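Enquirer: Residue numbers (my numbering): 33 to 352.
There may be inaccurate statements among the hints.
What the hints assert, rightly or not - Only pairs whose alpha carbons sit at most 20 angstroms apart, straight line, appear in this in silico EDC-like list of lysine to aspartate or glutamate: (1) 220 to 253; (2) 281 to 232; (3) 121 to 87; (4) 338 to 350; (5) 254 to 229; (6) 242 to 309; (7) 242 to 253; (8) 254 to 233; (9) 84 to 99; (10) 122 to 143; (11) 126 to 98; (12) 96 to 138; (13) 84 to 112; (14) 122 to 112; (15) 148 to 233; (16) 122 to 87; (17) 281 to 309; (18) 126 to 138; (19) 220 to 280; (20) 242 to 319; (21) 148 to 98; (22) 338 to 319; (23) 122 to 82; (24) 121 to 99; (25) 96 to 143; (26) 254 to 232; (27) 341 to 331; (28) 110 to 82; (29) 338 to 348; (30) 254 to 309; (31) 295 to 325; (32) 122 to 98.
Hints listed in this document are in silico derivations from the structure and should not be mistaken for laboratory results. Here the structure is a predicted model, which is why all the values come from computation and not from measurement.
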Amino acid sequence: MSELRVDSRFSESRESEAREVSGSRAAPAAAFDPKHSQLFLQRDSGRNMERKRWECSALPNGWKREEVTRKSGLSAGKSDVYYFSPTGKKFRSKPQLARYLGNSMDLSSFDFRTGKILMSKLNKNRQRLRYDHGQSKGKPDLNTSLPVRQTASIFKQPVTKVTNHPSNKVKTDPQKAVDQPRQLFWEKKLSGLNTCDIAEELVKTMDLPKGLQGVGPGYTDKTLLSALASALHTSSAPITGQLSAAVEKNPGVWLNTTQPLCKAFMVTDEDIRKQEDLVYNVRKRLEEALMADMLAHIEEATIEAKSLKEESTDEETESV
Numbered sequence: 033m034s035e036l037r038v039d040s041r042f043s044e045s046r047e048s049e050a051r052e053v054s055g056s057r058a059a060p061a062a063a064f065d066p067k068h069s070q071l072f073l074q075r076d077s078g079r080n081m082e083r084k085r086w087e088c089s090a091l092p093n094g095w096k097r098e099e100v101t102r103k104s105g106l107s108a109g110k111s112d113v114y115y116f117s118p119t120g121k122k123f124r125s126k127p128q129l130a131r132y133l134g135n136s137m138d139l140s141s142f143d144f145r146t147g148k149i150l151m152s153k154l155n156k157n158r159q160r161l162r163y164d165h166g167q168s169k170g171k172p173d174l175n176t177s178l179p180v181r182q183t184a185s186i187f188k189q190p191v192t193k194v195t196n197h198p199s200n201k202v203k204t205d206p207q208k209a210v211d212q213p214r215q216l217f218w219e220k221k222l223s224g225l226n227t228c229d230i231a232e233e234l235v236k237t238m239d240l241p242k243g244l245q246g247v248g249p250g251y252t253d254k255t256l257l258s259a260l261a262s263a264l265h266t267s268s269a270p271i272t273g274q275l276s277a278a279v280e281k282n283p284g285v286w287l288n289t290t291q292p293l294c295k296a297f298m299v300t301d302e303d304i305r306k307q308e309d310l311v312y313n314v315r316k317r318l319e320e321a322l323m324a325d326m327l328a329h330i331e332e333a334t335i336e337a338k339s340l341k342e343e344s345t346d347e348e349t350e351s352v
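Let's have the full structure, built from the sequences with the hints guiding it.
Expert: What follows is the structure, given as structure tokens:
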């Protein structure tokens, strides 16, 4: 391998390296460019490579850029670009360079191939930063409504707010308080929907209490049941029904859109006790069914173990 170095700042270390290559063939002469701090040709196993190294102005002081151009072979004319830190560490790609520099320098607009800062990318990044900064400011949220718990529940459970100044009220943003408009009598879309089991047979719907009566044109118990379930899942307000008596005369005018289409009702202690008894009976039946299923599994396992034991005994008898 032959090597000839031309360096404007030829140090003693460079001279010692040149003396170590004594006895090798002389390399072809290379023109010296004063812009480059170092320029040399290297010949290795019949393949010429030209290395050019100079200071990189786009990076901090002491960083150098090296371009290696291949002179022969299938890749003749192609070049590779490397960067060297002030300590001599070599970097072959932009991600390596970015990981090394970290937050000390933004390389988003740096072109690794040419070693320059692209002004087009720099302007785009500045515009994006200004836009993001403007978006981050936004409009102050003055809504003081309580947040909703993030626990796994089908009902919305507001967070309990404890304060030392309950009389201090803050005006909320009217734009935040406005809900999305709904179509009048939208609950009628739920009519005609039925549930089926795995055998594609209709599941019997639950019976509503006598105190719950629908109001409005063409309302049935099934539609009212779907409307009540939808109100429980989509709203945190209590369900009281249509309190105004005029809604029966003209529902399109006097309808309270925040409540389902049912007459006003009151939940008594007797209704609560009946519901508790119903839930208790259902849980009792479920417990009995699970216990029967577990006993059946135990009995099947016992019979299977007994049959296996008898088969093994018969095989031993036949072998004897």
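Enquirer: Does each hint fit the structure? Answer for all of them.
Expert: Against the structure, the hints come out as follows:
1. Note on residue 220 and residue 253: the hinted pairing holds, with a Cα-Cα distance of about 11 angstroms set against a maximum of 20 angstroms.
2. Under the criterion of a C-alpha separation no larger than 20 angstroms, the hint pairing residue 281 with residue 232 is inconsistent with the structure, at around 41 angstroms.
3. With a C-alpha separation of about 15 angstroms, the suggested pairing of residue 121 with residue 87 holds against the 20 angstroms cut-off.
4. Simply put, residue 338 and residue 350 have alpha-carbon atoms about 19 angstroms apart, close enough for the 20 angstroms limit, and the pair holds.
5. A threshold of 20 angstroms between alpha carbons decides the hint, and for residue 254 with residue 229 the separation of about 17 angstroms falls inside it, so the pair holds.
6. For a cut-off of 20 angstroms, the pair hint linking residue 242 to residue 309 stands: about 17 angstroms separates their Cα positions.
7. For the hint linking residue 242 to residue 253, the alpha-carbon distance of about 11 angstroms falls within 20 angstroms, and the restraint holds.
8. A C-alpha spacing of about 17 angstroms is found between residue 254 and residue 233, which places the hinted pair at or below 20 angstroms, so the restraint holds.
9. Proposed proximity of residue 84 and residue 99 is supported: the alpha carbons are some 5 angstroms apart, at most 20 angstroms.
10. For the given pair, residue 122 sits about 17 angstroms from residue 143 by alpha-carbon distance, which is consistent with the 20 angstroms threshold.
11. Between residue 126 and residue 98, the direct Cα distance comes to roughly 14 angstroms. Compliance with the 20 angstroms bound is thereby established for this hinted pair.
12. The suggested pairing of residue 96 with residue 138 holds, with an alpha-carbon distance near 18 angstroms, which does not exceed 20 angstroms.
13. At roughly 11 angstroms between alpha-carbon atoms, residue 84 and residue 112 fall within 20 angstroms of each other, so this suggested pair holds.
14. Between residue 122 and residue 112, the direct Cα distance comes to roughly 13 angstroms. Compliance with the 20 angstroms bound is thereby established for this hinted pair.
15. About 72 angstroms separates the Cα atoms of residue 148 and residue 233, which puts this hinted pair outside 20 angstroms; it is violated.
16. Of the pairs offered as hints, the one joining residue 122 and residue 87 holds, with about 14 angstroms between alpha carbons and a cut-off of 20 angstroms not exceeded.
17. For the hint pairing residue 281 with residue 309, the CA-to-CA distance comes to about 38 angstroms; that exceeds 20 angstroms, so the pair is violated.
18. The hinted pair formed by residue 126 and residue 138 meets the criterion: a straight-line CA distance of about 12 angstroms does not exceed 20 angstroms.
19. With a CA separation close to 17 angstroms, the supplied pair residue 220 and residue 280 stays within the 20 angstroms bound.
20. As the CA atoms of residue 242 and residue 319 are separated by approximately 30 angstroms, the hinted pair breaks the 20 angstroms bound.
21. The suggested pairing of residue 148 with residue 98 holds, with an alpha-carbon distance near 13 angstroms, which does not exceed 20 angstroms.
22. Restraint check for residue 338 and residue 319: the C-alpha separation of about 29 angstroms exceeds 20 angstroms, so the hint is violated.
23. Straight-line distance between C-alpha atoms of residue 122 and residue 82 comes to about 18 angstroms, which keeps the hinted pair within the 20 angstroms bound.
24. Between the alpha carbons of residue 121 and residue 99 the distance comes to roughly 15 angstroms, so the proposed pair stays at or under 20 angstroms and holds.
25. The suggested pairing of residue 96 with residue 143 holds, with an alpha-carbon distance near 14 angstroms, which does not exceed 20 angstroms.
26. A threshold of 20 angstroms between alpha carbons decides the hint, and for residue 254 with residue 232 the separation of about 19 angstroms falls inside it, so the pair holds.
27. Proximity of residue 341 to residue 331 is assessed by CA-CA distance (about 15 angstroms); at most 20 angstroms being required, the pair is judged to hold.
28. A C-alpha spacing of about 11 angstroms is found between residue 110 and residue 82, which places the hinted pair at or below 20 angstroms, so the restraint holds.
29. Taking the CA atoms of residue 338 and residue 348, the gap is near 16 angstroms; set against the 20 angstroms cutoff, the hint holds.
30. Taken as a hint, the residue 254 and residue 309 pair is broken in the structure, with Cα atoms around 24 angstroms apart against an allowance of 20 angstroms.
31. Of the pairs offered as hints, the one joining residue 295 and residue 325 is violated, with about 44 angstroms between alpha carbons and a cut-off of 20 angstroms exceeded.
32. A threshold of 20 angstroms between alpha carbons decides the hint, and for residue 122 with residue 98 the separation of about 10 angstroms falls inside it, so the pair holds.
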